[in-house]
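Peer 1: With chain A's structure known, arrange chain B on it following the hints.
These protein sequence lines map, in sequence, to chains A and B. Read in order, the letters of the first sequence are residues 1 to 350 in UniProt numbering. Read in order, the letters of the second sequence are residues 1 to 370 in UniProt numbering.
One or more of the hints may lead you astray.
[Said to hold, decoys possible] Within a straight-line C-alpha distance of at most 25 Å, the following computed PhoX-like cross-link-like pairs (lysine-lysine) qualify:
no., chain 1, residue 1, chain 2, residue 2
1, B, Lys124, A, Lys44
2, B, Lys124, A, Lys51
3, A, Lys51, B, Lys81
[As the list claims (entries may be wrong)] To be clear about the criterion: a stretch of chain A counts as covered by chain B if any three or more of its residues have a C-beta under 8 Å from a C-beta of chain B, and this derived list gives those stretches:
no., segment
4, 17-26
5, 58-66
6, 216-228
7, 259-267
Hints were generated in silico from the structure; no laboratory data involved. Just so you know, even glycine gets a beta-carbon here, dropped at the ideal spot from N, CA and C.
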Amino acid sequence: MSVRVQRFPSAPPSAALAARVVAIVLALLVAGIILAGTGASPLKLAGQVIKATFGSSFGLEDVGLLVTPLILTGLSVAVAQRIGAWNIGGEGQFYAGAFAATGVALFIPGPSIVMLPLMFVAGAIGGALWILIPTLARAYADVNELITTLLLNFVATLLVYWVATGPWLDPGGQALATTARLPHDIPEFWGIVHWGFPLAVVITILVAAVLAFTRWGYEVRIAGSNPQAAKYAGMPFRRHLILVMLLSGAIAGIAGMFEVAGTVHRLQGGISNNFGYLGIMVAVLARGSALGVLAGAALMGIILNSGIILQTQGLNVSTVLAITGLILFFTAIGDELAHYRIIRTEPAKA
Amino acid sequence: MIDLRNLSRRGFLNMGAAAGTSLLLPGGLIRPARAAEPLAAVAEENAVIAFGHTGPVTDEGWTWSHDQGMKAVQEAFPKLKTLFVESIPYSADATRTYRQFVSEGANMVFATSNYGDFLYDVAKRSPEVAFYECDGRNPLENLSTYYLSHWYPTYVTGVAAGLMSKTGKLGYVASFPVPSVFSGTNAFLMGARSVNPNATIQVVVINSWFDPQAATQAGTALLDNGCDLLFGIMDEAGYLQVAEQRGAKAVMWNTDIRRYGPKAYVSSIVIDFKKYYVEQVRLRLEGKWTPSQTLLAMGAGVDRDAWGETVPEEARKQADAIREKILGGWSPFTGEIKDSKGNVKVAAGQTMTEEELYNWDWSIEGVVGL
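Bound-form chain A, shown alone:
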C-alpha cells in the first residue's frame, strides 16, 4: 500500500471551512508572536479589539458601514466570475458610480425622495458605462478584460481627482479638495449605518437567487464553466457575457453611489478607500459564491475595523497592514490546501 497526495478540482465544504478556521487562527498566532516580540501584549490587544468591535453598538455600526461597499464590490467580482470574467476594475466603476451620482445630486434640483433613486440609477449606469469598453472588447475582439478593467481604474481615479480639485471644487477648504456637500443623504438605518447596508444585502440575495433559480442564471453558470459547451448547446454566450459584465460594473457603481451619498457626502479623490480592490479579496474569500460574499465582506470589514482599533492602541499602520496581509495570505494557502487529500492506493496485483 502506498500513500500519495492528490489534488481534487473542488474542495469539500467541510475541508474548506476547516482550512479557513485553521488559517485565521494560525495567522493571528503568527501576528501575536510578532507583536509579543515588539513588546506589545497580544492578548490584551486582542481583548481590546473584541471589546471595541462587539462590545458596543459603536463598533458594530463601524463594521456595518465598512461592510456596505465591500458587499457590493465583492458581489461585483463574484458575479463576473460566474461567467469566467475577471472584473479587476471595481475600483474604477466605484469611482464612476460615485461621480455620476454626484453629478446628478449637484446639478439637478429636486426633493431627496426623487433624487436618491435617481442617484442610485445614475450610479449603476456610471459603473456599467465604465466597464462597457472592456466588455465589448472582450465580447467582440477577445481582449483580456483583466488588463482593460484594471487600467481604467487609474483613469477613473484621476478623473475624480480632477473634477474634485477643478471644475466641481468647493472652495470651502478641506485639506483634501472636495466637491460641495451633496444636498441628499441616504437616511440612517441603525446608528451611523445608512440604508445602503440593508439594500446591499437585498441586492446580493436577489442576484444570488437570479443566478441560482432562473434559466438565465443557469445558462450563465454553464457558460462560465465551459464556454464551448454553452455555445454548442446554443446558448447566446456573447449576450450573456455582455449582460453579466455590465451588471458587474453596475453593482460596483452602486457601491460608489452608496459611499458618496451615505457615508462621505462629498465627492473627493480617494473616496473609494480601495474598496474596489478589496472587493476582489472579498470575492476570493467567498470562493465566488454570491451569498458567500456577505460572509467574506463581514470578515473583511471586521479585519479593517480591527486595524483602526489597533492603531489607536499605538500600533503602527504598517504593522496593521502586515497583520491583514497575513490573514489573507494564510487563507489563500488554506483554501488551496483544502483541495488536497491523502489517498491510499493498493498496489496493483500482478
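Peer 2: Coordinates of chain B only, in the frame set by chain A:
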C-alpha cells in the same frame, strides 16, 4: 496669538450660517449660540487626549511638529493618557478613527489637519468631547479651530527669494488647490515681486501632503522648466534635495531641515504648537474649555527659520527689515491686488483682513498652474 474673535466680520457670517452654531455679535465678536457653558473639569489622571495625524510622526515636518506638541503636553501633565494615530487618510476611515478615540474615552481630540465632515460627523455626536481642527473653518459648539498666519513669514522669505532668484521664475510644489496653498503661493510671490516686479511662480499640484517621490518629481520638473528657486508646502524634504543636487535654492516648511540640502536651503516656515497645546489642555482639565478660533501669529507659533548659509547678507537684511515692519503692525497684503485673470480683487489702499488671508481661494497675477 491672534484671537479670531477680534477680527472683522465678513466671511464669518457665512461660516456661522453654515455651521448653524455661531452667533455674530456687534463688532465682529464670535460666540457660540448657546452662551457657552464650559465643558466640565477632568482630573489629570482620568484625562485622555488624542491626536489624529495626517502623516507619520517621523516626517521631520508637519506631523513631527504636532507630535512635539503632544510630548510637551505629556511633560506638563504627566498623569494624563495620550493616544495618537498616524497617516489617517482623508476618507471615511478618518471618521472611524476619530470615533474610536471617543469610544476609548478621549476628552480632547486634536485633528492636526482639516478633516472637515469626517471630523464633524464625530464631533456632533460627542458633545462632551472637545474637538480641534487644525486649519479648520467650521467652528462647532465643541470644536475649536486653530492655524498659523503663515502668510507673513512666507512673504518675508519671498522677499529673500526675489533677491536671490536669477531668472525670477519661482516654483511651487503644491498639495491641493486649498486656501493654505493659495495664501502660500500668493504671499511668496508678493514678497518676491516687492523686489523684482517681473517675478512669476509656477505651481505643480501633486494631490498629496506627503509623497516624497511625487514632490521630488515635481521639483525636478519645475527646475527643468527654468525655475531656480523652489517653495512648497510638503511635510518632508523631497524637493530640497532636488534643489541641492541641481544647484538651485529652496524654501521649506515646518522645521529646520537644512542638513538635507545645506547649500540650497534658504529658510523654512517653522512652526511650533507646543505652547498652544499645553494651554488648551490646561483649560480643559480646569473646566474652563469653550470653543475658540485661533491663528498663531508670526513670532508666536510660526516664523521664518534662521537663514541658510548661502543667503547673501543683503537679502537677509532686506527680508528681516520687512519682518520687523510686519511685527510692528504693517501688512504687505494691501491693494491694489489683481487676480491671475487681471481683475482687481483688492482695491488700492485696502488691506486684506486676517480671515480673508486665511480663506484665500484665488491666485494673484503671476501665479501659473493653480
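Peer 1: Against each hint, give a clear statement of whether it holds in the structure.
Peer 2: Evaluated hints:
For the given pair, B/Lys124 sits about 31 Å from A/Lys44 by alpha-carbon distance, which is inconsistent with the 25 Å threshold. Only pairs whose Cα atoms come within 25 Å are accepted, and B/Lys124 paired with A/Lys51 is accepted, the gap being roughly 24 Å. A threshold of 25 Å between alpha carbons decides the hint, and for A/Lys51 with B/Lys81 the separation of about 20 Å falls inside it, so the pair holds. Remark: the segment 17-26 of chain A is not confirmed as covered by chain B, as 0 of its residues place a Cβ nearer than 8 Å to a Cβ of that chain, below the required three.
Given as covered by chain B, the segment 58-66 of chain A passes the check, having 5 residues with a CB less than 8 Å from a CB of that chain where 3 are the minimum. Counting residues of the segment 216-228 of chain A whose beta carbon lies closer than 8 Å to any beta carbon of chain B gives 0, which falls short of the minimum of three for the stated coverage. Closer than 8 Å: that is the beta-carbon criterion, and the segment 259-267 of chain A has 5 residues meeting it against chain B, so the requirement of 3 holds.
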